[in-house]
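Student: Generate the whole structure from the sequences, applying the supplied hints.
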Amino acid sequence: MKQLVRVALLDSDSDVRFGRKMIISSNPKFEIVFESDGLSEDLVAVADGLIDVLVINQRLASGAGVSFYQSLRSLVGIKQATACVLTSAFDQPTLLLAALEEGVSQVVSLEQGPEALMNAIAAAKTGDQALSLGELYSLVLAETPSRELNQDLLRLVGDLPQKLESNLRRLQSVWKKGDAAELENFELKSLTGLVDKLPVKTASELVIRLQRSGLLDGE
Amino acid sequence: MIRWIQRKNWIPEILLATFVFVVFGALDFATQGLLALLCSLVMSASLLFIRRFSFLTSALVLIFSTMQVSFSLLPVFALIGLLLVAFATGSFSQKPWREVNYVASVFGGLAFAADLAFNPTLDLAIFGGTIELTEAGRALTFVIFGLLAISMITLMWIFGQLLISRLLTVGSDIDRLAYEKQQLALSIQLAEQSKRFEIAGEINESVVQRISSVITNAEGGLYAAKASPEAAVRALEKTLSSAKYAHADLRRLFDMINLGEMVSSAPPSLEDLDSLTIAMRETGLDVSVSYFGARFALDQSAELAIYRIIFEALLNAKRHNPKGTKATIEISWLENGFQVLVKDNGVEVERKSALGANGMPLPYDVEDDIDSLLEKVTGPGITAMRERAESFGGSLEVQRAVGVGFTVSATFPVEAIRAAQDTSA
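Just so you know, the protein sequences line up as chains U and W, in that order. Residue numbers in the first sequence follow full-length UniProt numbering, run continuously in steps of one, and reach 219 at the last position. Residue numbers in the second sequence follow full-length UniProt numbering, run continuously in steps of one, and reach 425 at the last position.
For the record, the hints were derived by calculation from the structure and aren't laboratory data. Errors might be hidden in some of the hints.
To be verified - Pairs of lysine-lysine, DSS-like flavour, derived with a Cα cap of 30 Å:
id, chain 1, residue 1, chain 2, residue 2
1, U, K176, U, K197
2, W, K95, W, K343
3, W, K226, U, K125
4, U, K177, U, K163
5, W, K343, W, K326
6, U, K29, W, K318
Stated by the list, open to error - The calculated label-pair distances, taken between Cβ atoms and stated as ranges, are:
id, chain 1, residue 1, chain 2, residue 2, range
7, U, G193, W, D255, 54 to 62 Å
8, W, E198, U, P93, 19 to 27 Å
9, W, A248, U, S74, 57 to 65 Å
Claimed, not checked - Over 10 Å on every C-beta distance to chain U, these chain W residues come out as not near it, computed from the model:
id, residue
10, W4
11, L15
12, L16
13, A30
14, I188
15, V208
16, I211
17, I215
18, A231
19, A297
20, K323
21, E330
22, E390
Note that beta-carbon positions come from the ideal geometry of N, C-alpha and C, so glycine has one too.
Tutor: Below, the structure written as structure tokens:
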């Protein structure tokens, strides 16, 4: 028998939570083990490791959902933080980029419907990426995040073993060319080794942080 | 200098006329003798009456022109005085003499052109010979010099008007006060707009939340209905409840947007009343402020509304009353509330300026008393002030004090306007 996906549901609006709970509970593979309106105190509750996927709304009682997840990562560590699905009312590219940069696995808006939420929870559990490299490329170019040198990341990239370094060079080459077909065909899963070695949670986070540090476009 | 000219009644004219007479009179006397000097004297005299008895300026310019032609003089140096007349007239003469004197100057210029072109006795020997002109040449000379004279006189007249406008109004105190008044009104409007925008933003967020709830509950209901009809009913109830809340929020948003103009720079507060009274005083309404009672901090929105009520009341007092009207602002922090009184004495000032048959100021009678008791003072400005007061649980009354003026009274309950963090009083 397959193990249930244990879900924690955080949303400041109890009515919305009620609806989401019904949607998620309708899938027999998911089990809601915790729900709250997202107070700071909930950080401890969701950090205990008994939860598989966090479904947090961008609007929480303690503030923004992305900030809540940031705090959780600071509390338990980047790698140890539970996989997260961020929900919002609307599709917002800026929010999507900010969330992916903070290691959120999936971002789902109300506009995408309940199936998208369930798929996102399943994808977060398995570690699938929210976007392809082509979509990430378009998002980053459209949002033009400012440069932010991450010294820690730069140092670790400098110390990468040869195999991972060649992975990175391949990514850099594809990114620099900007060819749509090549970007689309690039397997983000091939970056798993890099993700494990560097202080990031997901491949999307890795790509965005490398780009922000100027390591992708060679600036 | 312009202020000095404005303050002195005759001295500037006398100085200018003397200067013209001394300089051009001497030149005319030296070149053409006594008759030319006489012409210069008349020309100079015309400058004496630019501001007062301006008809004399016109008359003297016409006399000067006639004399010049009659005496068959060469164009005299005093003709330059015509340009000065046009310039000074444009600057200082009042309507309609500004225009009449301009016409007289143009006439003088045309007389000069005609004198030059058609006077058969004109003797040019003084310049070393006699100029012989054909009829066509004379006509052409008249047209050319006539147009030249008209152009120069017109230019000087327009230049005089532009210069005086620039000196008196552009960048002057009047301009500054008008600008400050406009700035005050704009800062209030801006403050109101951003406040409204802020509230609209909050309501909008709430609506988004409610609609999100409606959608998720409807979707949840659809999923749950397959397994448990009871759960679907609960979802429907939640959906309905959220939809009602969303509807109520939308109504608030609708009201907010349709309320009119509104506010987020630092909004004006009661601390700014001193600046307001100075601005009002300098534009003609003598305003004084008095404060009573133990102060407590006011909610920012309420303070803005109170400031706006005072501002409107003062504008009304200024707009509807004669010069010399005084207004007083009385602000009272009461035990259970807050009161603002704005009183003016416009009616009293008006009565004092209108004399009755006996030469005394008009008295007020019983009818005035009854009118003041029954009269309901209305108007869009008052409605707006009342709405502002009512939005903070207050009330606003406007009454006419018989024989004195109008009183605007706004009162507010303390709990509605006291700042949330205030613990004083």
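Student: Taking the hints in turn, state whether each one holds.
Tutor: Results for each hint:
| no. | hint | in the structure |
| --- | --- | --- |
| 1 | K176/U <-> K197/U | holds (23 Å) |
| 2 | K95/W <-> K343/W | violated (38 Å) |
| 3 | K226/W <-> K125/U | holds (26 Å) |
| 4 | K177/U <-> K163/U | holds (22 Å) |
| 5 | K343/W <-> K326/W | holds (8 Å) |
| 6 | K29/U <-> K318/W | violated (76 Å) |
| 7 | G193/U <-> D255/W: 54 to 62 Å | holds (59 Å) |
| 8 | E198/W <-> P93/U: 19 to 27 Å | holds (25 Å) |
| 9 | A248/W <-> S74/U: 57 to 65 Å | violated (40 Å) |
| 10 | W4 | holds (62 Å) |
| 11 | L15 | holds (70 Å) |
| 12 | L16 | holds (69 Å) |
| 13 | A30 | holds (83 Å) |
| 14 | I188 | holds (33 Å) |
| 15 | V208 | violated (5 Å) |
| 16 | I211 | violated (8 Å) |
| 17 | I215 | violated (6 Å) |
| 18 | A231 | violated (6 Å) |
| 19 | A297 | holds (28 Å) |
| 20 | K323 | holds (58 Å) |
| 21 | E330 | holds (46 Å) |
| 22 | E390 | holds (32 Å) |
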